[in-house]
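Position chains B, C and D relative to chain A; hints supplied.
4 protein chains.
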Amino acid sequence: MSTYKELKRACFEANMALPKLNLVVYTFGNVSQADADAGVFAIKPSGIPYEELKAEDMVVVDFENQVVEGKMRPSSDTRTHGFLYQRWKGIGGICHTHSTYAVSWAQALRDIPIFGTTHADHNTRAIPCAPPMADDLIAGDYEYMTGQQILDCFQDKQLSYQEVEMVLIGNHGPFTWGKDAQKAVYNSRVLEEIARMAYLTLQINPDARPLKASLIQKHYDRKHGAGAYYGQESC
Amino acid sequence: MSTYKELKRACFEANMALPKLNLVVYTFGNVSQADADAGVFAIKPSGIPYEELKAEDMVVVDFENQVVEGKMRPSSDTRTHGFLYQRWKGIGGICHTHSTYAVSWAQALRDIPIFGTTHADHNTRAIPCAPPMADDLIAGDYEYMTGQQILDCFQDKQLSYQEVEMVLIGNHGPFTWGKDAQKAVYNSRVLEEIARMAYLTLQINPDARPLKASLIQKHYDRKHGAGAYYGQESC
Amino acid sequence: MSTYKELKRACFEANMALPKLNLVVYTFGNVSQADADAGVFAIKPSGIPYEELKAEDMVVVDFENQVVEGKMRPSSDTRTHGFLYQRWKGIGGICHTHSTYAVSWAQALRDIPIFGTTHADHNTRAIPCAPPMADDLIAGDYEYMTGQQILDCFQDKQLSYQEVEMVLIGNHGPFTWGKDAQKAVYNSRVLEEIARMAYLTLQINPDARPLKASLIQKHYDRKHGAGAYYGQESC
Amino acid sequence: MSTYKELKRACFEANMALPKLNLVVYTFGNVSQADADAGVFAIKPSGIPYEELKAEDMVVVDFENQVVEGKMRPSSDTRTHGFLYQRWKGIGGICHTHSTYAVSWAQALRDIPIFGTTHADHNTRAIPCAPPMADDLIAGDYEYMTGQQILDCFQDKQLSYQEVEMVLIGNHGPFTWGKDAQKAVYNSRVLEEIARMAYLTLQINPDARPLKASLIQKHYDRKHGAGAYYGQESC
Numbered sequence: 001m002s003t004y005k006e007l008k009r010a011c012f013e014a015n016m017a018l019p020k021l022n023l024v025v026y027t028f029g030n031v032s033q034a035d036a037d038a039g040v041f042a043i044k045p046s047g048i049p050y051e052e053l054k055a056e057d058m059v060v061v062d063f064e065n066q067v068v069e070g071k072m073r074p075s076s077d078t079r080t081h082g083f084l085y086q087r088w089k090g091i092g093g094i095c096h097t098h099s100t101y102a103v104s105w106a107q108a109l110r111d112i113p114i115f116g117t118t119h120a121d122h123n124t125r126a127i128p129c130a131p132p133m134a135d136d137l138i139a140g141d142y143e144y145m146t147g148q149q150i151l152d153c154f155q156d157k158q159l160s161y162q163e164v165e166m167v168l169i170g171n172h173g174p175f176t177w178g179k180d181a182q183k184a185v186y187n188s189r190v191l192e193e194i195a196r197m198a199y200l201t202l203q204i205n206p207d208a209r210p211l212k213a214s215l216i217q218k219h220y221d222r223k224h225g226a227g228a229y230y231g232q233e234s235c
Numbered sequence: 001m002s003t004y005k006e007l008k009r010a011c012f013e014a015n016m017a018l019p020k021l022n023l024v025v026y027t028f029g030n031v032s033q034a035d036a037d038a039g040v041f042a043i044k045p046s047g048i049p050y051e052e053l054k055a056e057d058m059v060v061v062d063f064e065n066q067v068v069e070g071k072m073r074p075s076s077d078t079r080t081h082g083f084l085y086q087r088w089k090g091i092g093g094i095c096h097t098h099s100t101y102a103v104s105w106a107q108a109l110r111d112i113p114i115f116g117t118t119h120a121d122h123n124t125r126a127i128p129c130a131p132p133m134a135d136d137l138i139a140g141d142y143e144y145m146t147g148q149q150i151l152d153c154f155q156d157k158q159l160s161y162q163e164v165e166m167v168l169i170g171n172h173g174p175f176t177w178g179k180d181a182q183k184a185v186y187n188s189r190v191l192e193e194i195a196r197m198a199y200l201t202l203q204i205n206p207d208a209r210p211l212k213a214s215l216i217q218k219h220y221d222r223k224h225g226a227g228a229y230y231g232q233e234s235c
Numbered sequence: 001m002s003t004y005k006e007l008k009r010a011c012f013e014a015n016m017a018l019p020k021l022n023l024v025v026y027t028f029g030n031v032s033q034a035d036a037d038a039g040v041f042a043i044k045p046s047g048i049p050y051e052e053l054k055a056e057d058m059v060v061v062d063f064e065n066q067v068v069e070g071k072m073r074p075s076s077d078t079r080t081h082g083f084l085y086q087r088w089k090g091i092g093g094i095c096h097t098h099s100t101y102a103v104s105w106a107q108a109l110r111d112i113p114i115f116g117t118t119h120a121d122h123n124t125r126a127i128p129c130a131p132p133m134a135d136d137l138i139a140g141d142y143e144y145m146t147g148q149q150i151l152d153c154f155q156d157k158q159l160s161y162q163e164v165e166m167v168l169i170g171n172h173g174p175f176t177w178g179k180d181a182q183k184a185v186y187n188s189r190v191l192e193e194i195a196r197m198a199y200l201t202l203q204i205n206p207d208a209r210p211l212k213a214s215l216i217q218k219h220y221d222r223k224h225g226a227g228a229y230y231g232q233e234s235c
Numbered sequence: 001m002s003t004y005k006e007l008k009r010a011c012f013e014a015n016m017a018l019p020k021l022n023l024v025v026y027t028f029g030n031v032s033q034a035d036a037d038a039g040v041f042a043i044k045p046s047g048i049p050y051e052e053l054k055a056e057d058m059v060v061v062d063f064e065n066q067v068v069e070g071k072m073r074p075s076s077d078t079r080t081h082g083f084l085y086q087r088w089k090g091i092g093g094i095c096h097t098h099s100t101y102a103v104s105w106a107q108a109l110r111d112i113p114i115f116g117t118t119h120a121d122h123n124t125r126a127i128p129c130a131p132p133m134a135d136d137l138i139a140g141d142y143e144y145m146t147g148q149q150i151l152d153c154f155q156d157k158q159l160s161y162q163e164v165e166m167v168l169i170g171n172h173g174p175f176t177w178g179k180d181a182q183k184a185v186y187n188s189r190v191l192e193e194i195a196r197m198a199y200l201t202l203q204i205n206p207d208a209r210p211l212k213a214s215l216i217q218k219h220y221d222r223k224h225g226a227g228a229y230y231g232q233e234s235c
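Protein chains in written order, with full-length UniProt numbering: chain A, 1 to 235; chain B, 1 to 235; chain C, 1 to 235; chain D, 1 to 235.
Bound conformation, chain A alone:
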């Protein structure tokens, strides 16, 4: 019996949430769940349709990209997941999709401005769009460098991965993360809604401006600040 049964089950369930939340068509997405102590993560196998996916199909990989358990080839984006788990302590899940509105902002090479409290309930900054990487990096270890691309983007824009749990890869699509795979999937769904609302906002008013700093801070703090009062104590 597998040592990673629970890890694989958690990863499987988070993956299965993607089609239910309309965040993927066909196989255009993947979620992983990490076990930081064991230094491994479970991830979706590459190219398998969600309707055929089983918990035991999840592939367990270490942070150096070696398969630890599983018969199938892991997601083609596995290197990006491993790169981020290795560098960002405390994240336990990563989600990548090609969800429609998030991808459209990524293709437009635009950060998503913070226009309202739906966005500020989750973080206080524009959702960053990482610029495409250099040609030689694309030709090299592309998926590993996608992790670097995300890291560089957060450094350039002075963002904290603990606050902003989402990024757009320019001309590609979104990556999100969180304390576990379910939170990463939650962030993907929230990002898609924020992306859709920001798009519509600019269509209605091309001169729309970010909401004011005091309102951003109020909404962020009531959910995440020291005196947070959203949700139940135990949540």
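No lab work stands behind these hints, which were simulated from the structure alone. Mixed in with the good hints there might be a few duds.
[Stated by the list, open to error] Derived DSSO-like pairs (lysine-lysine); straight-line CA-CA distance at most 27 Å: (1) C:K20 - C:K218; (2) B:K71 - A:K218; (3) C:K223 - D:K54; (4) D:K218 - A:K71; (5) A:K54 - A:K179.
[As the list claims (entries may be wrong)] Chain A is nowhere near these chain D residues, computed Cβ spacing over 12 Å in every case: (6) Q86; (7) Y142; (8) D156.
Glycine included, C-beta positions come from ideal geometry on N, C-alpha and C.
Using the frame of chain A, we list chains B, C and D on its own:
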């Protein structure tokens, strides 16, 4: 056994209509139902997913924000509900959502113009967008002042809360109300459709104008006027 | 037992198709089915939610607006239906909705240009948008005059109701008709799709032009011309 | 018992996927599956609603448009399918729909630019929009010439049908193909999503540019190149 069993059931059922009507993702919404004689209202507990919600979870609160019955923390927007019940006699339900199109108009800081009879069947005015409140009020009793913000907006624009049962909070989203919680939810669904149609109307014709006064009045009156002839006598 | 049992059943089934086809929210629509020989039609009762509707609730009315059978008040738009049945020989069903894209074109006061073969498969002309009627007519027998408004529009634009089975009432929404109620509903669904595609076409290319006359005629004729070869012989 | 039972079943199942994937309304689409060795293909009968369709209704036709088996009239677009099977060796399925976003680009007479990796995962070129054909060809053997129109478009733009498995017919809609009918349907679904994302991209940033050549090639090659590493070995 609870004195408020029926109140909580009505509140619960109205809340459960939100995901069914595609007006919320996750927990981004709340509905309350008031008992004016008892001076209390039942409201959704904060941060509980709709799929886990039960009628007995509803929290009963008085108009001064004291919990009368319930083990959970009420919605973070409870103060706004209480403020409005205290001032607006005759309303028995309030609904708050982050529905996509209504939020987008709120983020654009634009009133929704009255472009057609779908809108005029419900009221005769543009749906108002209340401007963001001052920084010191945001830092203070924010949710209470959100109620004040709505009141001020209706005063500034000389609107009747009995006719116009909906408002947009700038950079945030919609609040709606009515004789009971079900009517408030109905108004949220209607507002979302009006918001979507108005958005599309301006995309098709950026110079679109409100419909003429005689047509607004005709449609409003055939549903709500003295000689109303829409629906059945008993409705 | 009712003489009109079959008429009412056909009317009921056509009405129930509206929510299934996403053409209505709440009660914003109505369908009728006529029996030309008997000089009557069955129509939805006013303001009754679709989920509560029963076949026996349908109201039978003659072309002069007299209720022949039924306990409920017929749709508030009944006069418009009667007007058209009286004047347009051969139509057996009429459908009115507030479907999103068709309403948006109506609110924009724009005819829907003929941009592609999806449109030309059904008729060869822009879908007309009837301008709002004069104030005194609105204040008078409004629903009756809505019928007149449609008739005038078809005369002004030299359209045949036998070819173009759909119209937009400016600032209001669409009416469609056909040989029976099911065909009228079909036309409402097709109109909504044509309206959506035409909207998107103009967003992608604001200088988009109608398709050429030879292609319009080819597609119309292969479905409706003398040598039509679409569908099965018996259809 | 039919020699073509399996061919018809495969064709039927691919057709039934269209409504499930929201690619058709009513009967606006058709799929065929070919047996190259036998020189025949099965195709949907003309004008039959999907909910009534049965596997045994599929019509078997040879590449010269002669019905080999089946009581019904084949799709009105059958000649286009036959034309392509005759000329493009190795394709085993063809799909035609009036899906909303693909049709809108076709009506706008615009190629769909390659804005992101979702597109580059499938081919390396803009999705071509074939210009409308000359009037005399429309009046002649229209559906046969639609095949010629596609061929001419691919020649003019120097495209390979083995790489780019999709085309837009100007003012009409998309045709897609692949190794079998299921792959053709898959391509229709992917095209619809690419068309929707490209539309949104240009709405967000009217100056959006195609992604860079190195990134296009990387994504295409990791799925389709000599060293492809997407999916499982056996896929």
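Verification of the supplied hints:
1. C:K20 - C:K218: Violated. C:K20 to C:K218 sits at ~32 Å, over the 27 Å cutoff.
2. B:K71 - A:K218: 26 Å, holds
3. C:K223 - D:K54: Holds, at roughly 23 Å.
4. D:K218 - A:K71: The hint holds at about 26 Å.
5. A:K54 - A:K179: Holds: A:K54 and A:K179 sit about 23 Å apart, inside 27 Å.
6. Q86: 30 Å, holds
7. Y142: For D:Y142, whose nearest Cβ neighbour in chain A is about 33 Å away, the distance exceeds 12 Å, so it holds.
8. D156: Holds, because the least Cβ-Cβ distance between D:D156 and chain A comes to about 27 Å, which exceeds 12 Å.
Checked against the numbered hints given earlier, the structure breaks only hint 1 and satisfies all the rest.
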